[in-house]
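> The primary structure of each chain is shown beneath.
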Amino acid sequence: MRIAIASGKGGTGKTLVAASLAKVWDGPVMAVDLDVEEPNLHLFLKPEFGRCEEARIEVPAVDEDRCTHCRACAELCQFKAISDLGRVLLTFPEMCHGCGGCLAVCPEKALMPSSRLLGEICFGQAQDLRFLMGRLRVGEAMSPPLIQAVKRASDGFLPGAGPCDIIFDAPPGVSCPAVNAVMGCDATVLVTEPTPFGFHDLKLAVEAFRPLGTPLGVVVNKAGLGDQDVFTFAAVEDLPVLAEIPYDRRIAEAYSKGKIVAEALPEMRYLFRGLAVRIQGLARPALKERRYA
Amino acid sequence: MREVLIISGKGGTGKTSLAAAFAHLAGDKVICDLDVDAPDLHLSLKPTHQRVEEYFSGNMAVIDSTRCEQCGICLEMCRYGAISRMDDAFQVDRLKCEGCKVCVHFCPAEAIDFPQKHCGQWFISDTRFGPMVHAQLFPGQENSGRLVALLKQQARELAQVESRNLILCDGAPGIGCPVISSLSGTDLVVAVTEPTPSGRHDLERVVELCAHFKLPVGVVINKFDLNSRETSSIEDFCLEQGLHLLPQLPHDTAMTEAMVRGQAITEYQSDGLAKLVRRIWDEIMDMAGINRTA
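Residue numbers (the working numbering), protein chains in the order written: chain A, 1 to 293; chain B, 1 to 294.
It is possible that some hints are incorrect.
Beta-carbon label-pair distances, calculated as ranges [stated by the list, open to error]:
(1) Y270(A) / P216(B): 42 to 50 Å
(2) K257(A) / H118(B): 44 to 52 Å
(3) R146(B) / E58(A): 19 to 27 Å
(4) D84(A) / K214(B): 47 to 55 Å
(5) A89(B) / E58(A): 25 to 33 Å
(6) H118(B) / G86(A): 29 to 37 Å
(7) R210(A) / S65(B): 34 to 42 Å
(8) R261(B) / A264(A): 26 to 34 Å
(9) L287(A) / D28(B): 34 to 42 Å
(10) A235(A) / E76(B): 42 to 50 Å
(11) K257(A) / P216(B): 25 to 33 Å
Just so you have them, the derived chain A footprint on chain B, three or more residues with Cβ under 8 Å [as the list claims (entries may be wrong)]:
(12) 11-24
(13) 95-105
(14) 196-202
(15) 205-214
(16) 256-262
These are calculated hints, taken from the structure and not from any lab test. We treat Cβ as the ideally placed atom computed from N, Cα and C, and that holds for glycine.
Whenever a hint applies, use it, and build me the whole structure from the sequences.
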């Protein structure tokens, strides 16, 4: 079972929910941080890291001796990553999306595969919990290829212990990085807060993620604060409210100390256990379909 | 002309609430929301659109099944797994297509069209605090540094025409493409953080990115009283890095109350948080060398 914890708006409590869920989850589970621009889940689950691998993307390197300046590569490139100046062929590796088109189109084989560092993928373990995260290199602009690489790594990261459920902590927003994170999951949990900003971004998130066909559920964090709009919207859109985490300064304080809320406050343990059960119920039909597909 | 950008790394630290207040306090400026993915500033500023433009960026592959000879070359060459075969018909997954044109170029039957992608809209609007440039990507689109650059360009032209001396930008969370794009041409970065492990960790990465572009950074610690130990460790980090510490804000629900009413905190109240926010803005003006206009 693969569960994505997502949200339109940042800072609504995705990581808080993902960390607590991972701790109360029934059975073998892996927590995967896909918020590669700003990964935070490890700060709470505190895994011991084993190996870290570099994640790279293919970019072209030029063999000047072979290049006849036919411009085929520069004309094909849609990302302005190659420019032919007549006597020099310039590549801009930071702009390259790694499509491989230039290498394939060059009649002289004057372009060779080289690579650019996207970031790293770190494998860890926190007691029984398997942990995986991607961390984007500071200065790297493209997060989706790293997010995909982490997801691929999560498929292969099952050391001996057999299959396990996966909880993905997704990046905020509703554009390409978030969609990449949510794609292929059996259920998506949208964490929001009952404020105008939270409500607005929840609407965007539903619009972005519903076409993916994954069942959606909502967790309202800081319930009691703000207004009622998210609840009305959830009812109208037929989105199950899977849990309401109360607005409580003790929760904010526990989080600020790097504690896992489900462990720090006993009543929160019950709340997250209930949430885990409801998420499993939400994901089951999709999971079945995937198994028999 | 000066450009001030408010960012945070971590989402939800109070960037946009502060940006709304600064928009209220600043004199002659153009307001610019550079979070084109999940923008929120318009919820407080309630802009009236003066100009609405469609935003097109890049292209996407579309296979015409009547021309397709089903050779499978496109499927083989696509690096993004965007092409699949469904009952003898090849299809492009709109969400996975990167718009690289490789399949279009190599298709021997010339069966793949490559229309422009309609990715969203951008606006020039009026607000009670002055003109605002902003945008909304359609959900699921590539989060585009190009759109961010376009908005900044529009804001600059507008500021020039109306001789406004400040562009006040609300940025996106994270450190990727849109944030990198929003840094270009900025005179001062205001980083809003909170005393939590995530807030500190994300601030460190944002600061590293700003150092890469040699930009001065002022730091606001929001909800400083949530965890005094974490607050002082962020203060230490700022001192070490030579970052200017702006006045700090306590944890206070007034910020949310103002948001619910669609007001800036400085409109909602005159004491309390609002007073501190005014002090922050005064220091930002000094840091950025913004002329005070009455």
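> Tell me, which hint numbers fail for this structure?
The structure breaks hints 4, 7 and 9; every other hint is satisfied.
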